[in-house]
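Protein sequences appear in the order of chains A and B. Letter 265 of the first sequence, counting from 1, is numbered 265 in the working numbering, and no numbers are missing. When you read off a place in the second sequence, starting at 1, and then add 340, the result is the number in the working numbering.
Worth double-checking, as some hints may not be accurate.
To be verified - Here are the computed lysine to aspartate or glutamate pairs in the EDC-like style, where the Cα-Cα straight-line distance is at most 16 Å:
1. Lys855(B) <-> Glu54(A)
2. Lys193(A) <-> Glu165(A)
3. Lys855(B) <-> Asp686(B)
4. Lys274(A) <-> Asp161(A)
5. Lys562(B) <-> Glu252(A)
6. Lys562(B) <-> Asp104(A)
7. Lys677(B) <-> Asp331(A)
8. Lys855(B) <-> Glu239(A)
9. Lys562(B) <-> Asp331(A)
Claimed, not checked - Output of the computed footprint for chain A on chain B, the stretches with three or more beta carbons under 8 Å from beta carbons of chain A:
10. 398-406
11. 420-432
12. 506-513
13. 685-697
Said to hold, decoys possible - With beta-carbon atoms standing in for the labels, derived distance ranges:
14. Phe600(B) <-> Gly152(A): 55 to 63 Å
15. Ser81(A) <-> Gln380(B): 18 to 26 Å
16. Ala15(A) <-> Ala514(B): 42 to 50 Å
17. Ala424(B) <-> Ser81(A): 51 to 59 Å
18. Phe794(B) <-> Ser81(A): 27 to 35 Å
19. Ile147(A) <-> Ser505(B): 29 to 37 Å
20. Ser81(A) <-> Gly784(B): 35 to 43 Å
21. Ser360(B) <-> Lys245(A): 57 to 65 Å
22. Arg332(A) <-> Gly784(B): 56 to 64 Å
23. Leu704(B) <-> Glu267(A): 44 to 52 Å
24. Val23(A) <-> Ser505(B): 36 to 44 Å
25. Phe600(B) <-> Thr317(A): 53 to 61 Å
It is worth saying that the hints were derived from the structure and are not from the lab. Think of the CB as a built atom: it goes at the ideal place given N, C-alpha and C, for glycine as much as any other residue.
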Amino acid sequence: MKLGGKSAMALSIAAVLFVASVVFLVFRQPELENTLIVYGPRGIKGMATALLQEFQKKYNVTATFIDYDMGSIEIADKLISEKGNPIADVIMGVPEFYAKQVIDADVLDIYLPPELGAIPVSEVWDSTRHILPMDKGYVLITYNETILSQRGLPIPHTLDDLTNEQYRGLVFYQDPSTSGTGLSFLLWVLSTKGTENGFAFLKQLEPSVKLHPSGWTSSIFALQRGEVAIGSMFNTDVEYVDVPKLESAAVEGFVYREGIALVKGAEHREIAKKFIEFVLSIEGQSIVAPAGYMYPVNPGASFSSLAQAPIPQVQVTFNSSIAGNVVEWLDRWRREVKGA
Amino acid sequence: MATRGQRRLAHVLDYLPLLSFALFFYAIPICYVLASINIQELAGLLNDPYVLRLIWNTTVQAVASTIPSIVLAIPVAYFFANYAFKGSKIVRNLLLTPFFVPAFAVTEGMIIMLGETGLVNQFLEFIAGTRQPVVDVLYSMTAVIMTHVIYYLPLAMLILEQGFSTVDQDQLDAAHVSGADWLTTLRVVHLSHMIPFFAASAILVFAFSFITYSTPILIGGKFTTLEVEIYSTRTRSISSSLAIIQLALTLAISMLVIAFRDRTYKSGVWSGRPLSREDNRSHTLGRTALLVYCILVAVIELTPVYLVLIQSVSASAVVLFPTSLSLEGFFALFAQKFGFGVGFVDVLLTSLSVAFVASLCSVLFSVLIAWRGLQSKRARESTSALLGLPLSISRSSLALGMMLSYGFGVLQLYGSWILFVLGDIALIVPLIFRVIEASWLRIGSEVREAASTFGASDLYRLLRIELPFIAPAVASSFMLAFSSSISEFTFANFFSTLNLMTAPISVATLLDLRKFGPAASLNAIIVLIVVAAEVTSPAVTQEALRVM
Numbered sequence: 001m002k003l004g005g006k007s008a009m010a011l012s013i014a015a016v017l018f019v020a021s022v023v024f025l026v027f028r029q030p031e032l033e034n035t036l037i038v039y040g041p042r043g044i045k046g047m048a049t050a051l052l053q054e055f056q057k058k059y060n061v062t063a064t065f066i067d068y069d070m071g072s073i074e075i076a077d078k079l080i081s082e083k084g085n086p087i088a089d090v091i092m093g094v095p096e097f098y099a100k101q102v103i104d105a106d107v108l109d110i111y112l113p114p115e116l117g118a119i120p121v122s123e124v125w126d127s128t129r130h131i132l133p134m135d136k137g138y139v140l141i142t143y144n145e146t147i148l149s150q151r152g153l154p155i156p157h158t159l160d161d162l163t164n165e166q167y168r169g170l171v172f173y174q175d176p177s178t179s180g181t182g183l184s185f186l187l188w189v190l191s192t193k194g195t196e197n198g199f200a201f202l203k204q205l206e207p208s209v210k211l212h213p214s215g216w217t218s219s220i221f222a223l224q225r226g227e228v229a230i231g232s233m234f235n236t237d238v239e240y241v242d243v244p245k246l247e248s249a250a251v252e253g254f255v256y257r258e259g260i261a262l263v264k265g266a267e268h269r270e271i272a273k274k275f276i277e278f279v280l281s282i283e284g285q286s287i288v289a290p291a292g293y294m295y296p297v298n299p300g301a302s303f304s305s306l307a308q309a310p311i312p313q314v315q316v317t318f319n320s321s322i323a324g325n326v327v328e329w330l331d332r333w334r335r336e337v338k339g340a
Numbered sequence: 341m342a343t344r345g346q347r348r349l350a351h352v353l354d355y356l357p358l359l360s361f362a363l364f365f366y367a368i369p370i371c372y373v374l375a376s377i378n379i380q381e382l383a384g385l386l387n388d389p390y391v392l393r394l395i396w397n398t399t400v401q402a403v404a405s406t407i408p409s410i411v412l413a414i415p416v417a418y419f420f421a422n423y424a425f426k427g428s429k430i431v432r433n434l435l436l437t438p439f440f441v442p443a444f445a446v447t448e449g450m451i452i453m454l455g456e457t458g459l460v461n462q463f464l465e466f467i468a469g470t471r472q473p474v475v476d477v478l479y480s481m482t483a484v485i486m487t488h489v490i491y492y493l494p495l496a497m498l499i500l501e502q503g504f505s506t507v508d509q510d511q512l513d514a515a516h517v518s519g520a521d522w523l524t525t526l527r528v529v530h531l532s533h534m535i536p537f538f539a540a541s542a543i544l545v546f547a548f549s550f551i552t553y554s555t556p557i558l559i560g561g562k563f564t565t566l567e568v569e570i571y572s573t574r575t576r577s578i579s580s581s582l583a584i585i586q587l588a589l590t591l592a593i594s595m596l597v598i599a600f601r602d603r604t605y606k607s608g609v610w611s612g613r614p615l616s617r618e619d620n621r622s623h624t625l626g627r628t629a630l631l632v633y634c635i636l637v638a639v640i641e642l643t644p645v646y647l648v649l650i651q652s653v654s655a656s657a658v659v660l661f662p663t664s665l666s667l668e669g670f671f672a673l674f675a676q677k678f679g680f681g682v683g684f685v686d687v688l689l690t691s692l693s694v695a696f697v698a699s700l701c702s703v704l705f706s707v708l709i710a711w712r713g714l715q716s717k718r719a720r721e722s723t724s725a726l727l728g729l730p731l732s733i734s735r736s737s738l739a740l741g742m743m744l745s746y747g748f749g750v751l752q753l754y755g756s757w758i759l760f761v762l763g764d765i766a767l768i769v770p771l772i773f774r775v776i777e778a779s780w781l782r783i784g785s786e787v788r789e790a791a792s793t794f795g796a797s798d799l800y801r802l803l804r805i806e807l808p809f810i811a812p813a814v815a816s817s818f819m820l821a822f823s824s825s826i827s828e829f830t831f832a833n834f835f836s837t838l839n840l841m842t843a844p845i846s847v848a849t850l851l852d853l854r855k856f857g858p859a860a861s862l863n864a865i866i867v868l869i870v871v872a873a874e875v876t877s878p879a880v881t882q883e884a885l886r887v888m
């Protein structure tokens, strides 16, 4: 086969680019041996990155965060599936409402760092002390003030207000299968109303719901474009710069609490303990608020970046008497509420 | 004369590249995921009204996406195959942009277009003289289908154009001389020749639409699909059972299409005389109508892309034009750290390098598989069907399987760029194989037999006859592969570490950090890289055509 001049040149360029690409990737390749591996849900990746970045600087160790593109329940299930041969050393972002399943699966070790003493007892929600409190946030009913005033609609204050006929087609809450905020909304309803009445309420609400966004980004986008006007968001989203006039009456809200734990059989046990200590320290806790939308649990930590966010007057926490059925609730929600 | 043993060995060799590839890239990773399958549960699902409803909805949506994508692509493909004008290749390639840019970029554009205050409603409100939204299609199955048509029409066009442009000019001349009218010519010459290309595009569009995840999630509203359910339940055994059902359904439909193709299409000797492209200066009413139609399609296809780009330089939400310009998001990228010291330039170079290596390897694998796998009718049928399978595998299941098998399992590649490349290859080869296959099928068996009669070895035949013939398809495939890789999200999301990540993952990181402006800017950069690949590739393709 005779190659033309241009063909030969094209092939030469391709060969040079191939070699250059491989050389760049080989030299750029980070060393991952002896790496601390931290599991957590994708929703806290930004915060986890910031924490691990500072931790790495301080202790001069390599560390990485793996979320497998999973939510908080799925990543906890992933850890359970690796029982006896865990990949992770630490798991963070374990939600309060799924703690029972993870603790019962016997995949966590108890580790009580000295920093725990600085955290108020009221914040320590796992009585077995396997999972240590890490941060918390508030899910509220928010509304676009511009749209409501244009249409002359009243401001929603409570969950029951959402079923108001006047709001038909304006309401949203996130898909609880893909969004932590959506899951919090579901648990808020079930914690307040009980399982059966809660699902009855959600079915009653569904005709008013325009969409169930997959997460924060799609919620913001729908709000920005005026596709929806009333729905569940974290309190720190109120008056978010990209959604003008996003407000909340903040009469009631759900407290989303999550924790951090040492994995049983962790390969890098000692450095994992150091990381847990760091996350609970004032230094680590002061990273929580600026890097995310949650509040630290260590009272010494700063959260001035969230100062403008409204705190709900009535704070609903997870009703532990209904613990243990989150996966079934999600199935039921998809089948009976969304897919009905 | 070859002995029986030699023939058997040759037969085994025909399947060797395909089977090795399928074993390494799909079978082993999927085994890690499907290990938890429960037969009783699987049987139960087939009687579950909820699952049956999901299957029905997914199938209806996939069929409804496939038919208009192909039908609407036919005139565009015909236009590009028949009319040459300066920059036609660039325009054709630009039309592929929606297919290659990350799904969340196109859906963002679709939301801007179809929303209550979007472009379409504002236009219709103006026409109708009303101040109420005229259409309400966003967040529904209709929106998913419309978005799929935007994604897949260009893909169908690319494949169909290959078909139209390889119609034998001698046959057309013969039809003309024998007085055949245009309908007879269309039926006898065009349609019979086009069957493999229709089949290839139908299989691809259907499979992609069937396993759709991000589009229904982002703009489907309450409409959901089988893949969304697989994703939602993916840490549980039910997910594996649903994945098996999805795989079986798409395989069955692909097999039907392939069987139809092989029953109706008779591979012939290609005369080697390419279609004479008409000059665009000669006008008739039909040609003008075709031109107008193509311009309309181009505008519709490129509007979501334009909106994504314009949003990145706009200080506020856009409808068609920005009210005020801002480059703040782009400048902010240079100051951003995405992980442990991973800056914007690192991310960009990593993305480009991974895309280049993955694309080249994918093209080589595809050519190797096609070379051996298309040797005989039996091997061709099996190869075609088997490489249809990966298109129907749940992407997130495959990515998880690769992570567990090669990331943390046998190869311990987690944290290495090689894992990114492997993921991309698994994704790209089934896609570009269709393009190469469609081109390779045009080489009649008589050509191979004649070469063998004159003593040409398989390798000699590959280098002297087959590769030069398929060179344009190889060049197009590289461009397809590069564009796919640069915007690939699912696999990269699994394989990224805080030390190593690609551009689409960095967009997600910025969104996690609630930095909308820089995220829109990085999104725009990915779109621009894809556009640059599309604009520059005609030079390579033209060269390849000359080699032919």
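Structure-based check of each hint:
Of the pairs offered as hints, the one joining lysine 855(B) and glutamate 54(A) is violated, with about 20 Å between alpha carbons and a cut-off of 16 Å exceeded. Our distance criterion of 16 Å between C-alpha atoms is broken by lysine 193(A) and glutamate 165(A), whose separation comes to about 20 Å. For the proposed pair lysine 855(B) and aspartate 686(B), the alpha carbon gap of about 19 Å is over 16 Å, so the pair is violated. With a C-alpha separation of about 47 Å, the suggested pair lysine 274(A) and aspartate 161(A) falls outside the 16 Å cut-off, and the hint is violated.
For the hint pairing lysine 562(B) with glutamate 252(A), the CA-to-CA distance comes to about 27 Å; that exceeds 16 Å, so the pair is violated. Between the alpha carbons of lysine 562(B) and aspartate 104(A) the distance comes to roughly 35 Å, so the proposed pair goes past 16 Å and is violated. At roughly 38 Å between alpha-carbon atoms, lysine 677(B) and aspartate 331(A) are farther apart than 16 Å, so this suggested pair is violated. A threshold of 16 Å between alpha carbons decides the hint, and for lysine 855(B) with glutamate 239(A) the separation of about 15 Å falls inside it, so the pair holds.
A distance of roughly 15 Å separates the Cα atoms of lysine 562(B) and aspartate 331(A); the hinted pair therefore holds under the 16 Å criterion. Coverage of a stretch by a chain is defined here by at least three residues with a beta carbon nearer than 8 Å to that chain's beta carbons; for the region 398-406 of chain B and chain A the count is 0, and the condition is violated. Three residues within the 8 Å Cβ limit are the bar, and the region 420-432 of chain B against chain A gives 0, so the coverage statement is violated. Chain A is given as covering the region 506-513 of chain B, and this is violated because 0 residues of the stretch bring a CB closer than 8 Å to a CB of that chain, at least three being needed.
Beta-carbon proximity to chain A at under 8 Å applies to 8 residues in the region 685-697 of chain B; the threshold of 3 is reached and the given coverage holds. Between phenylalanine 600(B) and glycine 152(A) the C-beta distance comes to about 59 Å, which sits within the given range of 55 to 63 Å. Separated by about 20 Å at the C-beta atoms, serine 81(A) and glutamine 380(B) satisfy the suggested range of 18 to 26 Å. For the pair alanine 15(A) and alanine 514(B), the beta carbons lie near 44 Å from each other, so the given range of 42 to 50 Å is met.
The hinted range of 51 to 59 Å is satisfied by alanine 424(B) and serine 81(A), whose Cβ atoms lie roughly 58 Å apart. About 60 Å separates the C-beta atoms of phenylalanine 794(B) and serine 81(A), a value inconsistent with the hinted range of 27 to 35 Å. The hinted range of 29 to 37 Å is not satisfied by isoleucine 147(A) and serine 505(B), whose Cβ atoms lie roughly 52 Å apart. At about 53 Å, the beta-carbon gap between serine 81(A) and glycine 784(B) misses the expected band of 35 to 43 Å.
A C-beta distance of roughly 59 Å is found between serine 360(B) and lysine 245(A), which places it inside the suggested range of 57 to 65 Å. Hint check: arginine 332(A) to glycine 784(B), Cβ distance near 59 Å, so the stated range 56 to 64 Å holds. Between leucine 704(B) and glutamate 267(A) the beta carbon distance is about 37 Å. The supplied range of 44 to 52 Å is therefore violated. Evaluation of the 36 to 44 Å hint for valine 23(A) and serine 505(B) yields a pass: the beta carbon distance comes to about 38 Å.
Remark: the range hint 53 to 61 Å for phenylalanine 600(B) to threonine 317(A) is upheld by a beta-carbon distance near 60 Å.
In summary, the structure is inconsistent with hints 1, 2, 3, 4, 5, 6, 7, 10, 11, 12, 18, 19, 20, 23 from the numbered list given earlier, while agreeing with the others.
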